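Asker: So the chains spell out like this:
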Amino acid sequence: MLKINAQHVDFYYGASQALVDICMEMAEREITALIGPSGCGKSTFLRCLNRMNDTIPGARVAGKIELDGRDLYDPKVDVPDLRRRVGMVFQKPNPFPQSIYDNVAFGPRVLGLTQALADRVEQSLRGAALWDDVKDHLSEPAQNLSLGQQQRLCIARVLAVEPEVILMDEPCSALDPIATLAIEELMRELKQRYTIVIVTHNMQQAARVSDRTGLFWLGRLVEFNLTEKMFTHPDQIQTEDYITGRLG
Amino acid sequence: MLEAHHLRSALDQRFIQIRDDLLRMGQMVDAAIDRSVTSLKERDRALAHHIIADDLIINALRSTIEEECLALIATQQPTAVDLRAVVTAMFLTNEMERIADHAAGIAKTVLRMDDEPLLKPLVDIPKMAELARDMLKQSLDAFLARDIQAAHTIAARDDEIDRLYRNIFAELLGIMAHDPTTVSRGTYLLWCGHNIERIGDRVTNIAERIVFMTTGAREDLNE
Chain A
1 MLKINAQHVD FYYGASQALV DICMEMAERE ITALIGPSGC GKSTFLRCLN
51 RMNDTIPGAR VAGKIELDGR DLYDPKVDVP DLRRRVGMVF QKPNPFPQSI
101 YDNVAFGPRV LGLTQALADR VEQSLRGAAL WDDVKDHLSE PAQNLSLGQQ
151 QRLCIARVLA VEPEVILMDE PCSALDPIAT LAIEELMREL KQRYTIVIVT
201 HNMQQAARVS DRTGLFWLGR LVEFNLTEKM FTHPDQIQTE DYITGRLG
Chain B
1001 MLEAHHLRSA LDQRFIQIRD DLLRMGQMVD AAIDRSVTSL KERDRALAHH
1051 IIADDLIINA LRSTIEEECL ALIATQQPTA VDLRAVVTAM FLTNEMERIA
1101 DHAAGIAKTV LRMDDEPLLK PLVDIPKMAE LARDMLKQSL DAFLARDIQA
1151 AHTIAARDDE IDRLYRNIFA ELLGIMAHDP TTVSRGTYLL WCGHNIERIG
1201 DRVTNIAERI VFMTTGARED LNE
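Chains as they are written, first to last, in my numbering: chain A, 1 to 248; chain B, 1001 to 1223.
Honestly, the hints are just simulated from the structure, not real lab data. Source: prediction; values computed, not measured. Treat the hints loosely; a few may be bogus.
One side of the interface only, derived from the structure: several residues of chain B facing chain A at Cβ under 8 Å [to be verified]:
| # | residue |
| --- | --- |
| 1 | 1008 |
| 2 | 1010 |
| 3 | 1070 |
| 4 | 1123 |
| 5 | 1145 |
| 6 | 1149 |
Straight-line Cα separation of at most 25 Å, SDA-like style, residue types lysine to any residue; simulated pairs [as the list claims (entries may be wrong)]:
| # | chain 1 | residue 1 | chain 2 | residue 2 |
| --- | --- | --- | --- | --- |
| 7 | A | 229 | B | 1045 |
| 8 | A | 92 | A | 76 |
| 9 | A | 191 | A | 131 |
| 10 | A | 76 | A | 5 |
| 11 | A | 191 | B | 1008 |
| 12 | B | 1127 | B | 1019 |
| 13 | A | 229 | B | 1127 |
| 14 | A | 229 | B | 1063 |
| 15 | A | 229 | B | 1071 |
| 16 | B | 1120 | B | 1216 |
| 17 | B | 1108 | B | 1019 |
| 18 | B | 1108 | B | 1043 |
| 19 | A | 229 | B | 1112 |
| 20 | B | 1137 | B | 1008 |
| 21 | A | 229 | B | 1108 |
| 22 | A | 191 | B | 1016 |
| 23 | A | 229 | B | 1216 |
| 24 | B | 1127 | B | 1098 |
| 25 | A | 64 | A | 23 |
| 26 | A | 229 | B | 1079 |
| 27 | A | 229 | B | 1152 |
| 28 | B | 1120 | B | 1045 |
Non-contacting residues of chain B with respect to chain A, defined by C-beta distances greater than 10 Å in every case (computed) [unchecked claim]:
| # | residue |
| --- | --- |
| 29 | 1009 |
| 30 | 1044 |
| 31 | 1067 |
| 32 | 1071 |
| 33 | 1091 |
| 34 | 1116 |
| 35 | 1153 |
| 36 | 1157 |
All C-beta atoms, glycine included, are put in the ideal place defined by N, C-alpha and C.
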């Protein structure tokens, strides 16, 4: 079932156009990976999906992006609620300088979801495959966790506000290979319940975790295809050149 | 590749699919060998036609498994024993496809035979076929269990197939030398025996690959 439908999306930083006519349809409970060289527009597009670009002066989006058939950029959209529904995990784990418990409880408290808060925190930590590691240390500072655990804490923080979509911007770039594989395993579990969109510089990671992959190049979407197809018989020669490292 | 706590569930799931398809292919190939000898024993031309038609299905399954292996390599980047296992799976599917070709070869020989009786009673060829089928089944078990001891045992059993084939060869050659009118009937039986002898060699190749998959070492078990 279609979850996110982007049609003819253009994006401008002032006079500079960063995205050109992007069309992508992302299915519910699938992982979509966005790949491409630095500056190709993949993170810009990701941030369009929960209006994170709104705060950038001079930024402007054209075209249409729908979540469950409703235009994200409709003036009537409640943006904080949109960002609850479409949560984001960033490149570097960014726990608040608080306890593990308070990090996860932060979002629910802001949204007034304080009933059975301890249960919600536990479920979120379980969902992020972190509960067993931290259940006896919930009051300890989040910064005491390893980087991999901190990233899972950030995922738990997103889960705590019951999102529908999770955006991930290079979520493993600060992690070692084992912590990376652990996050990838977690993503596969999360996709049973959530729609996930991940930006990654690591093509192999896109191949490993995603159902569909989009290759961005100079602000355009070169190819959007089933991941297996993309990495065995891509439709576009430009994709073949990129994923096989034949550039220039 | 299927251990507990393996942080590669996507790789494991894909490999399980390949494994299941390989086992299904093994059953089809086993049936092809069995039916080919039946078609020879009973001079059953209709069955021979079926074996030849079913060989196309086995060929298609080989292509499917090969695609699955390529997709696994492309998307999951297996390394070390996982990489050797998927490469071995590709090798296995190729060898089994060729084994099925040998079974189809027997069926084609049956279609070329006229209605004259077989030159001699069929004793050793069915024995060779039973041995080959057993070796094939054991080789698939050894592949799943990564059992190098079993791989060595399987390869050693090929000696018995070779011995039986040498017997058939000598016996048929003697008959044909004594009575040149028997040459075509003798040659047909030799072709059938040769096909099964080759099946034994191919299962031995599979056994070698199982050793390679498990240890990374290349051993010639076909000596």
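Asker: For which of the previously enumerated hints does the structure constitute a violation, in increasing order of number?
Answerer: 4, 5, 6, 7, 8, 12, 13, 16, 17, 19, 20, 21, 23, 27, 29, 31, 32
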